[in-house]
Amino acid sequence: MNYIDNIAFAILLMIGIGFFVKNSKKIVRNIKLGKNIDRSDLPNERFNNMLKIALGQSKMVKRPIAGILHIIVYAGFIIINIEVLEIIIDGLFGTHRVFSVLGGFYSFLIGSFEILAFLVLVSVIIFWMRRMVLQIPRFWNKEMKGWPKNDALNILYFEMVLMSLFLLMNATDNHFQNLNVGNPISQYIANLFQESSITVVNSIERTAWWLHIVGILIFLNYLYYSKHLHILLAFPNTYFANLKPKGQFTNLEAVTNEVKLMMDPSADPYAVPAENAAPPEKFGASDVTDLNWVQLMNAYTCTECGRCTSVCPANITGKELSPRAIMMKTRDRLEEVGKNIDKNGKFIDDGKQLLNDYITPEEVWACTSCNACVEECPVNIDPLSIIIDLRRYLVMEQSAAPTELNSMMTNIENNGAPWQYNQMDRLNWKDE
Amino acid sequence: MNVPTMAEMTAQGIQPDVLFWVGCAGSFDDRAKKITKAFVKILNKANVQFAVLGTEESCTGDPAKRAGNEFLFQMQAMTNIEVLNAYEVKKIVTACPHCFNTLKNEYPELGGKYEVLHHTEFLKSLLDEGKITIEGGKFKGKRITFHDPCYLGRANDVYEAPRVLIEKLEAELVEMKRCKTNGLCCGAGGAQMFKDAEKGNKEINVERTEEALETKPNIIATGCPFCNTMITDGIKAKNQEHHVEVMDIAELIANAEDL
Numbered sequence: 008m009n010y011i012d013n014i015a016f017a018i019l020l021m022i023g024i025g026f027f028v029k030n031s032k033k034i035v036r037n038i039k040l041g042k043n044i045d046r047s048d049l050p051n052e053r054f055n056n057m058l059k060i061a062l063g064q065s066k067m068v069k070r071p072i073a074g075i076l077h078i079i080v081y082a083g084f085i086i087i088n089i090e091v092l093e094i095i096i097d098g099l100f101g102t103h104r105v106f107s108v109l110g111g112f113y114s115f116l117i118g119s120f121e122i123l124a125f126l127v128l129v130s131v132i133i134f135w136m137r138r139m140v141l142q143i144p145r146f147w148n149k150e151m152k153g154w155p156k157n158d159a160l161n162i163l164y165f166e167m168v169l170m171s172l173f174l175l176m177n178a179t180d181n182h183f184q185n186l187n188v189g190n191p192i193s194q195y196i197a198n199l200f201q202e203s204s205i206t207v208v209n210s211i212e213r214t215a216w217w218l219h220i221v222g223i224l225i226f227l228n229y230l231y232y233s234k235h236l237h238i239l240l241a242f243p244n245t246y247f248a249n250l251k252p253k254g255q256f257t258n259l260e261a262v263t264n265e266v267k268l269m270m271d272p273s274a275d276p277y278a279v280p281a282e283n284a285a286p287p288e289k290f291g292a293s294d295v296t297d298l299n300w301v302q303l304m305n306a307y308t309c310t311e312c313g314r315c316t317s318v319c320p321a322n323i324t325g326k327e328l329s330p331r332a333i334m335m336k337t338r339d340r341l342e343e344v345g346k347n348i349d350k351n352g353k354f355i356d357d358g359k360q361l362l363n364d365y366i367t368p369e370e371v372w373a374c375t376s377c378n379a380c381v382e383e384c385p386v387n388i389d390p391l392s393i394i395i396d397l398r399r400y401l402v403m404e405q406s407a408a409p410t411e412l413n414s415m416m417t418n419i420e421n422n423g424a425p426w427q428y429n430q431m432d433r434l435n436w437k438d439e
Numbered sequence: 054m055n056v057p058t059m060a061e062m063t064a065q066g067i068q069p070d071v072l073f074w075v076g077c078a079g080s081f082d083d084r085a086k087k088i089t090k091a092f093v094k095i096l097n098k099a100n101v102q103f104a105v106l107g108t109e110e111s112c113t114g115d116p117a118k119r120a121g122n123e124f125l126f127q128m129q130a131m132t133n134i135e136v137l138n139a140y141e142v143k144k145i146v147t148a149c150p151h152c153f154n155t156l157k158n159e160y161p162e163l164g165g166k167y168e169v170l171h172h173t174e175f176l177k178s179l180l181d182e183g184k185i186t187i188e189g190g191k192f193k194g195k196r197i198t199f200h201d202p203c204y205l206g207r208a209n210d211v212y213e214a215p216r217v218l219i220e221k222l223e224a225e226l227v228e229m230k231r232c233k234t235n236g237l238c239c240g241a242g243g244a245q246m247f248k249d250a251e252k253g254n255k256e257i258n259v260e261r262t263e264e265a266l267e268t269k270p271n272i273i274a275t276g277c278p279f280c281n282t283m284i285t286d287g288i289k290a291k292n293q294e295h296h297v298e299v300m301d302i303a304e305l306i307a308n309a310e311d312l
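Protein chains in written order, with this note's numbering: chain W, 8 to 439; chain U, 54 to 312.
Pulled out of the complex, with its shape left as it was, chain U reads as follows (with noise of 0.2 Å):
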């Protein structure tokens, strides 16, 4: 596996075609390092040239925006942004559809303007581009369903992309009741992913799990740690972890591929 950091790249004088941002959860949550590690395998395979920040980068200061915290969001922001703006970074993919609002949205007006793009968006411009195959492989004829994460649809009004590449995985997607713009939230926005829920009658995860499995899926695929995260945990609560996976995008592709 290759993982050049931009202070490695920028010694050797190049400039690499994207950043990839990997963020705090895919650096640090073993279930979302799996993540980070797939991507990077589908990134080297299609020989992108990227890099990490890697000690360098830090977190964009959603949660603590989300919590109402609007100093140390952007005491986070503007330091990120001067490391950014150093390594004159024009292009940022992630697999984090919290940091790809952020920085897509919320950084333009502190100075730090990029293109920005959510992995799921990336992976298909790769397949546009020819520079990716995706062959159903050991995924063909399963019954997938795609959980949208708020941060990437209703919030950024994406929600093909992750869909084309399930579908050319040549597995059946099948939709959930809630999905798209009526899509129902995992339970870990706004910084809840932090904290125990408010007092209720029943765990948001819960509920949106107990939705997937009416689907009868085989796999519960997402675009996001937060969501990953959440909806495992709902699975186990329903004791279905042995019946039905809950992947990434990019881990069925990397998987797809045997990478």
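So that you can see chain W by itself, here it is in the shape it has in the complex (with noise of 0.2 Å):
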């Protein structure tokens, strides 16, 4: 009979964990969906970005504030998981706190536990009297309605939840409690209890205790709907990330290729196309799987901070574009599709696609291009390169240019200016 609680709770550790794989295999299918980019390259500085940017948030502390507080954070979630492995074998094995055999040593990763679970109880609190008193206004843009709203709350309670269950867990620990070292907070929780007979006190720290993991398991479970995924995407994602400058956008090679040909005098302009030639490449995006795999993780690796909507100049004078509703934009009809194809077993034509569905023209063209959002994202995502996308399959594909861009672009045709000025009169001003 004494095993049923470990039995318990290995059934609940595999179910949890067993639904966790399920889903990020979904995510990488997702992903997947993709179009080839290769980003093989320089895998030294790929890694050192990794490390300095994911690992050492070095872009988050732009803002110190945010930056400092998103450290601790981020720190006690990571530092305080070896908790949760004592948690699992304690679990697994019915033993209680079985690295106190560490000794001193034990008390001092308890007590360095305790501290930061304190720290960031405090900074969660912080950010969300900074979202909810404060109204800091990119958390308030019109993208942030709703489910994305709620999901920030959620990730802000959950992990308050979770720091007082540990903390709890702690103090309601007799055993614990009489070592009185590695208690630093939770000695003046146990203050609480010393009314409480030990049933009462015992009872409360195998239910915090039991809580503390399943609150884990579900929070684990919670990322795949989450904007939260970010905690496993930024690694990925900062490694993947662009290394050449900011201002060079891709040459297409379709595009390539063609000019080539209708810059080949030898070229024979009625040559039929090989019987086995593949029908020719789609120019832009128009949807989700017209991105490259970088593009489609980048929209799974936002966490809807808005740091790049609130540095763009278009969305700073009021227009409609916003960096970030152009990232999540891209996940909703992404995962979309990735319903689509659970549903189906393949996708199956649902008449959407990213571009009018998702993402009007209006926001594509009010881009000036200026990768200030580049620049901003915490973790190295591009909504620029999306937005170019978009329009080269507006421009190319269906010729939807605004009408001065298309007077502009017949001006470079015709007279190689974007103006109407003769290419003739080019040295005119030499002489003016």
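There could be a bad hint or two in this list.
To be verified - In silico DSS-like links for lysine-lysine, alpha-carbon gap of 27 Å or less:
id	chain 1	residue 1	chain 2	residue 2
1	U	Lys252	W	Lys359
2	W	Lys437	W	Lys42
3	W	Lys251	U	Lys143
4	W	Lys437	U	Lys233
5	W	Lys437	U	Lys195
6	W	Lys66	U	Lys233
7	U	Lys193	U	Lys230
8	U	Lys166	W	Lys267
9	W	Lys437	U	Lys230
10	W	Lys437	U	Lys252
11	W	Lys152	U	Lys230
12	W	Lys437	U	Lys191
13	W	Lys346	W	Lys289
The hints are simulated quantities; they were obtained by calculation from the structure and are not laboratory data.
Build the complex from these two chains, which are given one at a time in their own frames, with help from the hints.
Pasting the structure below:
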């Protein structure tokens, strides 16, 4: 009978991890729906970027208050998870605080965890106040209504509860409190239970212990539905991020081939394409499957912090465009395509696409390609590349550029300048 | 003003040290033409052996590419590359950050590999080599703020060259709240120069100009013909055109030298 706890724990753990693995596979599959792009070059530089930006949070501290609070929560999250390892071992083998054999070092560890847990709790409360009391504008843009707002709050509540349970669990562990080392925070909470009977205290300890691990497993599985995926994806996302100058846009290879053919005097204009030739590639992107896998991973990585949007010149001046919304809409559409595949075995046309149904041309045309959003993103997401791919589709597949841009392009074609000046007048300035 | 063309130089059997890529704005826009001339005056003064393409120059294709027209961009690029390679051009300087970015970053893959410099980088190298000396002259003690062009700054990480030049003028360089990596766009990039803005509650150039005016400058300096236009318009919108001047770095130096 004594094993019931252990078996229940093992089952719980398997369900929790099993669901997480299942959903993770879906995310990987969805990301792989993107086109191929080679980011295997410069592994050392990539690895260093990942260490510096994801692990070292170097871009987070550009905004010091949020940055430092975030580092506390992040460090707390990672370090306190060592405790989870102990919980798992205890749960599976029926031990109690198995690492306590480490003696003084154990007290030091748990003591640090308690201080961190307290700091995390404080930081998370400040985060909540920044959202709900100070109402910092980037948390209240129009794309933040409904689920995105609740998602952000859920995460904060989760962390508040988990940290409280951890401290409560320590506070109600009589044996641990009697040692009176490694309990710098929980000793004060323990005082609250001095009047309570041993049975009550013990059952609170057990309940807190169970809720803590169940909470962690639920949180793990919540990631899949949440913007909180960044705690995992920030690492590959910074590793595979663009290393070229931000101003350098890709040169579409399909176009290069066409242009070379057009400029080749020996090309046969009446040539029939080879019988087994692949159909010509679509220019630009109108749906998520036209984007590359790094762009799709970007969408899953976005934490909706809104730093990009808060520096976007178009958004600042009241235009429809919000780089954060570009990423959120890309993820929404990608998840819709993923569900379609889950349901039908393969993608069945649903009459929708990323362009128009999610992202409007008005948003796409408001961008100044200034790279402020790319520069600002703490995990190197590139909303601009998606905007440009959508523009390419609008212009090259649909000829749907704004009229003034069409005139600009006609001028370049006709007289080699975006304005209607004769190319032969190019040097006139010399004598004016 | 001595402005030789590549064709003339080649006919004389001379290979110039550097090609000055004038760009469409520098060739046709009345305001930008002044920048072009100021830069040429400095090149002449420093005895730089340079040439322009003149009527053989054509748009780099930058605005077409930013607007999504990759076809037109690559047509322009390939044509330009043929001309540049025929003249065996090795080094290019341009006063337009958009031309600079495109020539430097997007031409190499298409077969156009050159050393490309923005004119502020080139002027700084002339200064370092002692080919020009800059003295404060009429800008001594003036408050100058520098607006970072996106395609020079964030796009290519050039922040220092223009600032070094301003400081050489013995002027007081005052930074805007959003500068360098955080610089705010003037509103012209990404082909916006050639169209009206989407519906919003403010023009981007006015937002940026207000920020520049907060530094109480005598001069707002730029390094881009489009930024120049946008900020100049912003200054007019704020009725400050009699108090604040918008000038390119090349003009500052040419004027300081009284060229």
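Exercise. Going back to the hint list, which numbers does this structure go against?
Worked result: 2, 4, 5, 9, 10, 11
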